[in-house]
Amino acid sequence: MSSQTNIERKVGLFVFLGILVVCSLIIHFGKVGDRFRGGFPVQVEFGNAGGLVKGAQVLFAGVLVGKVDRIKLDSENDKVMIEVDLFEGSGVRRDARFMIKQSGLLGDKHIVILQGSRSEPLLKAGDRIRGVDPFDFTDMANQAGDTIRELNKAIRKLSTEIGDKDAIGNISKGIKSFTELTEKLKTNSERLDAILRRVQKGNGTVGKLLTNDGLFEEMTKLVHNWRVYGILHQEKSEQRYPSPRQTNRPQ
Amino acid sequence: MIEIQQLCKSFKSVPVLQGVDLDIADSERLVIIGGSGCGKSVLLRHIAGLVKPDSGRLKIDGQDLTPLNERALNPIRRKIGVLFQGAALFDSLDVFHNVAFSLLEERTLGMPEIRQRVAEMLAAVGMSGQEGKKPAELSGGMRKRIGLARALIHRPRIMLYDEPTTGLDPQIADSINRLILKLALEFNVTTIVVTHDMVSAYMVGNRIAMLHKGKILVSGAPDQIQQCSNPIVQNFIHGVSEEAAAMKMSRRENASST
Amino acid sequence: MTAFFEMAGRGVLGFVQYLGEVALLSGDSFKSLATQRLRWKETVLQLHAIGVKSLPVVLLTGAFIGMVFAAQTYFQFHKVRMDTSTGPAVSIALARELGPIITSLMVAGRVGAAMAAEIGTMRVTEQIDALRSLAVHPVDYLVAPRLIAMVISLPLLTAMSVLTGICCSWVVSIEVLGIDSAYYLHNMYKYTDANDINTGLIKVFLFSFIIVFVSCHKGMQCEGGAEGVGKATTEAVVNSSISILIANFFATMLLSKIIPP
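Residue numbers (my numbering), protein chains in the order written: chain A, 6 to 256; chain B, 9 to 266; chain C, 25 to 285.
Everything labelled a hint here was simulated from the structure, so no lab data went into it.
It is possible that some hints are incorrect.
To be verified - Simulated crosslink set (PhoX-like; lysine-lysine; CA at most 25 Å straight-line):
#, chain 1, residue 1, chain 2, residue 2
1, A, 114, C, 103
2, C, 214, A, 36
3, C, 65, C, 55
4, B, 142, C, 65
5, A, 59, C, 281
6, C, 55, B, 60
7, A, 114, C, 281
8, A, 77, C, 214
9, A, 114, A, 36
10, A, 77, A, 114
11, A, 114, A, 59
12, C, 214, A, 114
13, A, 15, B, 142
14, C, 214, A, 59
15, C, 65, A, 15
16, A, 15, C, 77
17, B, 20, C, 255
18, A, 77, A, 106
19, C, 214, A, 106
20, A, 36, C, 281
21, A, 77, C, 281
22, C, 65, B, 141
23, B, 142, C, 77
Said to hold, decoys possible - Have a look at the derived ranges for each label pair, beta carbon to beta carbon:
#, chain 1, residue 1, chain 2, residue 2, range
24, C, 47, B, 136, 46 to 52 Å
25, C, 99, A, 93, 42 to 48 Å
26, A, 10, B, 136, 24 to 30 Å
We treat Cβ as the ideally placed atom computed from N, Cα and C, and that holds for glycine.
Start from the sequences and build out the full structure, keeping to the hints where you can.
Shown next as structure tokens:
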């Protein structure tokens, strides 16, 4: 009989300890303790929660001063209301700026508070303030989307205004001649290519002209002389156009 | 009153019982004999309500057992006590809790009364003062006695014995037989014994039935069985093997032919 | 060719029959729990056999699994300088998967085998029939107390194993691997949720039924003396372990829908 009571005692201890462990694990990791820490709710309005989750940290000057308590969509104003539970005595002022930031390699989001001016009163329970929306790529994409939308609109407008057949016919004719033009241009440019190649090598008159430095100098002198003494002579030409030797020739 | 009509049972399509008809009157001491594997233990387990027959009827005090489910059988089982071949004591429980098992389960009696009943029952089977022992500490004969005490404690009206003397030395077998007889008379219970031990059969039974090939071959008082002309019965009760019987037969045939 | 189909058919039928038998046993057990009184003495004995006696082995495995997992995680995380993330990785893995699975497998091995052997022995020595002849339903007397004891013990054992694993992994991380303790604990606290613990506990709650039903069924169906008992014991452990691993996958997928990770 004594072994029976002994077994009962062991079983009782086992069950008691087990329940204790279960409860402590759930209470500890369930962060139940944080719920009893004195705090007050503040509502922060964001345009974009940026993947913030419930329980995310709120840092003020790098110090943990609260947790994100609730995130709900305010569909009327196209905003996200983030309810933040700030600890008592954290001393955040009313015009403080709330921003959503990313921390660490794990890509967690948290809220950072930048203190406002000293003249403002402290935040109190139930206050509603605007948060500073993060610049992010989704935003940019949205803006780009807007631009594209505008462009679309303009094009549509254009097509309705010049919707008559004549105009379309003219446009298509125009396009046709434009293509012909480009065709010609293409053949011309091919020819031009061959010429240019020759020019580069310094063959032919133009080529020599371009590559022969002596010729250039002679030409400048000739033009100078014309200006100073000849057909291009103007008043005070000597002062206006100094001798080419003194100018730096561009390379 | 137990009535068995056309009871059939097969295990994995091997027929074991092939239409057993048997009536057992109250206070009767019936011994069922038969060769090993002839199905006498199976028949006993049917009477105990442990096995469901394939067909046929089995009535105890007018109530048919065959359509009843496991839980509905329990009231009938309380009328029946069974001593299993190996006594089937619960290894995890000591002698007291084994014997008191059905009383503890019924939960109608208080602990002092249960203690008294157990002590009385142990005295009746000659095992006084062994309450604290574990089954593993007991010899085969003692286990059978405890098994008997356990089966009898809720005062059943029918006692079933499955080969009560198998595996015991002749002296202990004799004492067990005497015990069965004594208890049958003392408590006025209907006793059904399954055995292939003829000494036991003559000693305990006031009727003997022989089961052969799944049917009751003969049944009658012990002296009727002894004088029965059926060679199968004669060979069985005199312990003549089939080979010897065949040899004897062929010799007789040879003698008659010459 | 027909022989092949015959064999396949027999296999499928056998499996379906097996499932049916286990389902019947579970049905009987639930019915018994609902309608019959629970045998407290038996239940306490089983709580002792399942819970108290499994405690050392379960704590030991929990401790070493926690430590080795911390070390392996650290080796990988250290490459990207995420040393203190070892804490949450270990705690979440232990709470969600390793703790429940290792504990269940250890208990299935230790207790499932014992159940099958015990009930199997009772079966071949006619003790089950003796129970029935004494007007006691074997499920009431043998399965129901084991089921209750297992359902209570396994979650408690798991929680203890998880806690031991977390503590031992902390010791190894701080003392041996030299991870910063404050951030280790902070990250663990920050990223581990009550739902991680709950998920693990819900899973072992399911596994406790598997262990009891599979093992008791094997015991009840046991035939053929000592050899049969041995076979039943082995099969009970193998079948319950495999069932646990399979059930774990589906439970994880299902729970991820109900309790988002």
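Hint-by-hint comparison with the structure:
With a C-alpha separation of about 23 Å, the suggested pair residue 114 (chain A) and residue 103 (chain C) falls inside the 25 Å cut-off, and the hint holds. Distance check on the hinted pair: residue 214 (chain C) and residue 36 (chain A) sit about 9 Å apart at the alpha-carbon level, within 25 Å; holds. Proximity of residue 65 (chain C) to residue 55 (chain C) is assessed by CA-CA distance (about 20 Å); at most 25 Å being required, the pair is judged to hold. Distance hint between residue 142 (chain B) and residue 65 (chain C) is fulfilled; the C-alpha atoms sit about 18 Å from each other, no more than 25 Å.
For the hint linking residue 59 (chain A) to residue 281 (chain C), the alpha-carbon distance of about 19 Å falls within 25 Å, and the restraint holds. Between residue 55 (chain C) and residue 60 (chain B), the direct Cα distance comes to roughly 22 Å. Compliance with the 25 Å bound is thereby established for this hinted pair. At most 25 Å may separate the alpha-carbon atoms for a hinted pair to count; residue 114 (chain A) and residue 281 (chain C) meet this at roughly 24 Å. The hinted pair formed by residue 77 (chain A) and residue 214 (chain C) meets the criterion: a straight-line CA distance of about 22 Å does not exceed 25 Å.
Restraint check for residue 114 (chain A) and residue 36 (chain A): satisfied, since their Cα atoms lie roughly 19 Å apart, inside the 25 Å limit. In summary, the hint linking residue 77 (chain A) to residue 114 (chain A) is supported, as the alpha carbons are separated by about 16 Å, within the 25 Å threshold. Taking the CA atoms of residue 114 (chain A) and residue 59 (chain A), the gap is near 10 Å; set against the 25 Å cutoff, the hint holds. A C-alpha spacing of about 13 Å is found between residue 214 (chain C) and residue 114 (chain A), which places the hinted pair at or below 25 Å, so the restraint holds.
With a C-alpha separation of about 23 Å, the suggested pair residue 15 (chain A) and residue 142 (chain B) falls inside the 25 Å cut-off, and the hint holds. With a C-alpha separation of about 12 Å, the suggested pairing of residue 214 (chain C) with residue 59 (chain A) holds against the 25 Å cut-off. For the suggested pair residue 65 (chain C) and residue 15 (chain A), the alpha carbons sit about 14 Å apart, so the restraint of at most 25 Å is met. A C-alpha spacing of about 10 Å is found between residue 15 (chain A) and residue 77 (chain C), which places the hinted pair at or below 25 Å, so the restraint holds.
For the proposed pair residue 20 (chain B) and residue 255 (chain C), the alpha carbon gap of about 20 Å is at most 25 Å, so the pair holds. A distance of roughly 19 Å separates the Cα atoms of residue 77 (chain A) and residue 106 (chain A); the hinted pair therefore holds under the 25 Å criterion. Taking the CA atoms of residue 214 (chain C) and residue 106 (chain A), the gap is about 17 Å. The hint holds against a cut of 25 Å. With a C-alpha separation of about 23 Å, the suggested pair residue 36 (chain A) and residue 281 (chain C) falls inside the 25 Å cut-off, and the hint holds.
The suggested pairing of residue 77 (chain A) with residue 281 (chain C) holds, with an alpha-carbon distance near 21 Å, which does not exceed 25 Å. At roughly 19 Å between alpha-carbon atoms, residue 65 (chain C) and residue 141 (chain B) fall within 25 Å of each other, so this suggested pair holds. Restraint check for residue 142 (chain B) and residue 77 (chain C): the C-alpha separation of about 22 Å stays at or below 25 Å, so the hint holds. Taken as a hint, the range 46 to 52 Å holds for the pair residue 47 (chain C) and residue 136 (chain B), whose Cβ atoms sit roughly 48 Å apart.
The given range of 42 to 48 Å is respected by residue 99 (chain C) and residue 93 (chain A), whose C-beta atoms sit roughly 43 Å from each other. Look at residue 10 (chain A) against residue 136 (chain B): about 27 Å separates their beta carbons, and that is inside 24 to 30 Å.
In this structure, every one of the numbered hints holds.
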